[in-house]
Amino acid sequence: MALPAEFLARIETALPAGAIVREPEQLKTYECDGLTGHRTLPALVVLPSSTTEVQAVVRACHAAGIPFVARGAGTGLSGGALPVADGIVISLARMDRILELDLDSGRAVVEPGVTNLAVSAAVLGDGFYYAPDPSSQQVCTIGGNVAENSGGAHCLKYGFTVNHVTALEVVLPDGELVELGGEGLDQPGPDLLGAFVGSEGTLGIATRITLRLLRRPEAVRTLLAGFPSTDAAGAAVSGIVAAGILPAAVEMMDRLTIEAAEAAVHPGYPDAGAVLIVELDGATAQVEEDLESVLELCRDAGAEEIRVAADDAERALLWKGRKAAFAAMGRVAANYYVQDGVVPRTKLPAVLRRISELEGEFGLRVGNVFHAGDGNLHPLVLYDERNAGEAERAQLLAERILEACVDAGGSITGEHGVGSDKACSMPLLFGPDDLEAMQRLRRAFDPDGLANPGKIFPTPRLCGEVPGPYRAHPLERAGLAERF
Amino acid sequence: MPSVSEPASVREAAAALREAAASRHCVSINRGGGDVCLSTRRLDRIVEHEAGDLTATVEAGIRLSALAAELAPHRQMLALDPPGDPTVGACVAANLSGPRRHRYGTARDLVLGVTVVLADGTVVSSGGKVVKNVAGYDLGKLLCGSLGKLGLIARVSLRLHPRPPAARTLVVPVESASGAQHAAAAVHRSTLVPSAVDLLWPGGLALLLEGSERAAAAELMRAEELLGGAEDGEIWRAVAERQLASKGRTSFPPGKLEAVLEAHPQALVRVGAGVAYLPGPAPDPRPEAVRRLAERIRSEFDPTSVLV
Numbered sequence: 000m001a002l003p004a005e006f007l008a009r010i011e012t013a014l015p016a017g018a019i020v021r022e023p024e025q026l027k028t029y030e031c032d033g034l035t036g037h038r039t040l041p042a043l044v045v046l047p048s049s050t051t052e053v054q055a056v057v058r059a060c061h062a063a064g065i066p067f068v069a070r071g072a073g074t075g076l077s078g079g080a081l082p083v084a085d086g087i088v089i090s091l092a093r094m095d096r097i098l099e100l101d102l103d104s105g106r107a108v109v110e111p112g113v114t115n116l117a118v119s120a121a122v123l124g125d126g127f128y129y130a131p132d133p134s135s136q137q138v139c140t141i142g143g144n145v146a147e148n149s150g151g152a153h154c155l156k157y158g159f160t161v162n163h164v165t166a167l168e169v170v171l172p173d174g175e176l177v178e179l180g181g182e183g184l185d186q187p188g189p190d191l192l193g194a195f196v197g198s199e200g201t202l203g204i205a206t207r208i209t210l211r212l213l214r215r216p217e218a219v220r221t222l223l224a225g226f227p228s229t230d231a232a233g234a235a236v237s238g239i240v241a242a243g244i245l246p247a248a249v250e251m252m253d254r255l256t257i258e259a260a261e262a263a264v265h266p267g268y269p270d271a272g273a274v275l276i277v278e279l280d281g282a283t284a285q286v287e288e289d290l291e292s293v294l295e296l297c298r299d300a301g302a303e304e305i306r307v308a309a310d311d312a313e314r315a316l317l318w319k320g321r322k323a324a325f326a327a328m329g330r331v332a333a334n335y336y337v338q339d340g341v342v343p344r345t346k347l348p349a350v351l352r353r354i355s356e357l358e359g360e361f362g363l364r365v366g367n368v369f370h371a372g373d374g375n376l377h378p379l380v381l382y383d384e385r386n387a388g389e390a391e392r393a394q395l396l397a398e399r400i401l402e403a404c405v406d407a408g409g410s411i412t413g414e415h416g417v418g419s420d421k422a423c424s425m426p427l428l429f430g431p432d433d434l435e436a437m438q439r440l441r442r443a444f445d446p447d448g449l450a451n452p453g454k455i456f457p458t459p460r461l462c463g464e465v466p467g468p469y470r471a472h473p474l475e476r477a478g479l480a481e482r483f
Numbered sequence: 000m001p002s003v004s005e006p007a008s009v010r011e012a013a014a015a016l017r018e019a020a021a022s023r024h025c026v027s028i029n030r031g032g033g034d035v036c037l038s039t040r041r042l043d044r045i046v047e048h049e050a051g052d053l054t055a056t057v058e059a060g061i062r063l064s065a066l067a068a069e070l071a072p073h074r075q076m077l078a079l080d081p082p083g084d085p086t087v088g089a090c091v092a093a094n095l096s097g098p099r100r101h102r103y104g105t106a107r108d109l110v111l112g113v114t115v116v117l118a119d120g121t122v123v124s125s126g127g128k129v130v131k132n133v134a135g136y137d138l139g140k141l142l143c144g145s146l147g148k149l150g151l152i153a154r155v156s157l158r159l160h161p162r163p164p165a166a167r168t169l170v171v172p173v174e175s176a177s178g179a180q181h182a183a184a185a186v187h188r189s190t191l192v193p194s195a196v197d198l199l200w201p202g203g204l205a206l207l208l209e210g211s212e213r214a215a216a217a218e219l220m221r222a223e224e225l226l227g228g229a230e231d232g233e234i235w236r237a238v239a240e241r242q243l244a245s246k247g248r249t250s251f252p253p254g255k256l257e258a259v260l261e262a263h264p265q266a267l268v269r270v271g272a273g274v275a276y277l278p279g280p281a282p283d284p285r286p287e288a289v290r291r292l293a294e295r296i297r298s299e300f301d302p303t304s305v306l307v
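Chain order of the listed sequences is A and B.
Take 0 as the starting number for the first sequence in numbering that gives the first Met the number 0 and just add one per residue.
Take 0 as the starting number for the second sequence in numbering that gives the first Met the number 0 and just add one per residue.
Everything labelled a hint here was simulated from the structure, so no lab data went into it.
Do not rely on the hints blindly, as some may be mistaken.
Residues from chain B that face chain A, not an exhaustive set, calculated with beta carbons under 8 Å [unchecked claim]:
| id | residue |
| --- | --- |
| 1 | SER27 |
| 2 | ASN29 |
| 3 | SER64 |
| 4 | GLY254 |
| 5 | ILE296 |
All residues carry an ideal CB built from backbone N, CA and C; glycine is no exception.
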């Protein structure tokens with residue numbers, strides 16, 4: 000179906016010709032995000048350069064009932080930026096200016112297309128940085144981070160995007176402009192800013208984002224410890240938590256991912272069943288004391304080899320293998336699927352055992368790399384699409400892992416988002432009443448459902464008439480909540 | 000006279016709200032007003048405390064002191080320290096926080112999941128009990144500051160923190176607004192990691208330095224070298240009293256402290272957060288468009304205006 004002529008005329012009036020993409024070949028660039036298995040060709044792509052232009056486009060969409068999907072760098076892994084057929088994509092790539100740096104207040108005001116790393120780079124010389132650090136931080140944009148409430152390796156201590164955004168200028172789905180949050184924190188009334196961050200583009204488009212900047216810590220110490228097994232490494236993590244230490248990051252990789260990382264980027268990891276990377280930061284006295292404790296706890300848990308980075312170069316090398324882990328899987332498998340599940344940290348050993356059982360059942364290998372401190376797993380399901388049925392088996396195995404996470408009291412996504420990928424898995428976590436309550440919020444922002452439709456919420460069209468099996472919310476199953 | 004309802008379970012709370020909605024009664028939560036006053040006084044249990052996960056799920060009527068008593072033997076804490084020993088539900092609904100927000104944030108940063116009874120008696124959950132979770136809208140954050148207008152907060156899952164073994168306090172006298180701005184900027188630009196930075200205005204700037212015995216002492220020494228001043232842990236009592244007595248809250252970009260002090264002859268200021276507690280009421284700074292949006296949300300959650 001072609002877009003209505005009247006709508007196109009409005010778009011052409013609002014934007015310069017160079018900001019409108021309509022050739023099918025060019026549109027293909029936008030047909031998917033980092034979840035490349037889901038593809039839809041949009042009817043049109045626009046690249047506004049200002050809030051006014053975004054508003055004009057959204058108003059035109061609202062008037063004509065055309066759905067729109069906002070897009071940052073397209074690095075998302077859950078299909079959050081998957082276009083809607085007969086709808087348009089609004090790329091924020093050209094709104095890439097840092098508008099204001101106010102170091103006295105610890106604030107940066109940026110447009111949504113600014114990359115995550117560019118914010119830190121702009122203030123590093125003054126001793127500040129922007130804390131959330133998703134692995135894609137060189138390319139992913141702040142607008143996308145806001146939509147997905149992105150985390151990163153250091154969110155164990157520093158939290159997620161939502162903890163670092165203090166204000167948002169938002170174009171609502173009817174084109175109205177609102178400022179959520181404000182010059183100061185603690186605005187009266189419900190926390191609309193907090194509700195907007197992580198809403199995956201379904202409540203509007205953030206066009207101006209105020210971020211909190213942090214002072215770089217006095218001391219940073221990073222160590223890598225090799226253990227005979229993931230169980231032993233897990234015991235070390237439990238010990239660290241029990242000792243009252245809150246590291247900046249605690250990352251774990253299992254044997255398969257260590258081997259892949261070693262083959263790909265040669266970080267010099269030990270030959271071990273599991274490695275832990277522990278990073279401590281803060282005031283020197285506390286960091287040095289905690290480092291001694293962590294070293295002892297790792298040795299107690301059976302660490303066979305421990306390396307403490309002596310300088311920034313060595314630290315970068317320790318992190319190199321971890322950061323390359325996903326891509327390194329290309330060395331040991333033709334294809335892989337990245338899963339994103341969460342379990343209560345204490346349930347990690349049990350869930351890892353379950354994943355190992357599933358490997359046997361499905362005859363596929365799974366590499367495990369995860370944020371051990373906060374229980375966020377990224378199992379990498381390896382497969383070869385050239386073998387008939389293997390891609391489908393991998394997908395099924397990945398879903399089984401999610402079920403294991405939910406059964407353990409966890410969640411279906413820790414940082415990649417629901418998007419189009421997991422909308423049909425939402426009933427694993429939430430019942431109809433829970434989802435309906437979320438829809439109430441949606442309706443208040445977007446009564447016509449034009450902003451990024453088909454994401455987050457399961458629909459019969461998406462998931463078949465029978466939504467996935469409802470399996471009681473973790474709070475409910477733990478006897479913590481009842482349902483009537 | 001309004002009737003008082005004190006449900007002892009989420010089920011009872013849901014029944015009370017369903018009944019009120021059916022008989023077209025207005026309901027207030029934990030304060031006067033309406034036909035029915037719903038109290039969370041008896042919804043005060045700790046449902047679960049997973050020490051190894053640093054998480055807890057509690058009923059919303061539990062007081063902070065009762066939760067702290069449960070957590071203390073595990074050397075853990077809920078890092079919310081508003082004065083007056085309010086309930087967890089009040090911390091969420093009224094967005095209450097204390098000095099330690101400097102380091103740990105406010106309720107919005109610590110709530111992992113909620114169970115809410117909506118105005119029509121429907122019980123809904125959002126979030127979960129894990130510290131990292133982006134599945135669906137975060138209604139827990141929406142409820143922060145909602146003042147009981149979106150539903151009854153029945154249960155809350157919370158992120159906990161290890162309790163630092165030692166705390167030291169440095170108090171730096173400040174004579175003028177510009178002096179206060181100067182001292183606050185020095186802290187902001189330093190690598191000190193205070194748990195709290197409060198300004199009793201006029202009077203002194205207080206830094207709470209926490210960690211191991213050795214680390215807290217080292218931080219105190221560094222802070223003293225930077226700012227002068229003297230150790231005085233008693234100031235936190237005055238801070239709490241000043242906050243309790245305040246009638247209004249205003250917020251500002253932390254770099255504009257001096258202007259705020261010049262405008263307000265007396266205040267308790269969380270200088271890192273940019274929040275000042277004032278003796279008198281403060282105006283609502285939200286633009287009209289935001290208030291309209293908040294009202295649309297309220298009317299989606301409570302279309303017949305049961306909650307007052």
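The hints, checked one at a time:
1. Checking SER27 (chain B) against chain A: minimum C-beta separation of about 17 Å lies over 8 Å; hint violated.
2. The criterion of a C-beta within 8 Å of any C-beta in chain A is not met by ASN29 (chain B), whose closest approach is roughly 17 Å, and the hint is violated.
3. Because the closest C-beta pair between SER64 (chain B) and chain A is about 21 Å apart, greater than 8 Å, the hint is violated.
4. Annotation: GLY254 (chain B) was flagged as interfacial toward chain A, and the flag holds, the nearest CB pair being 3 Å apart, inside 8 Å.
5. For ILE296 (chain B), the interface hint holds, the least distance from its beta-carbon to any beta-carbon of chain A being 4 Å, beneath 8 Å.
Hints 1, 2, 3 from the earlier list are contradicted by this structure; the remaining hints agree with it.
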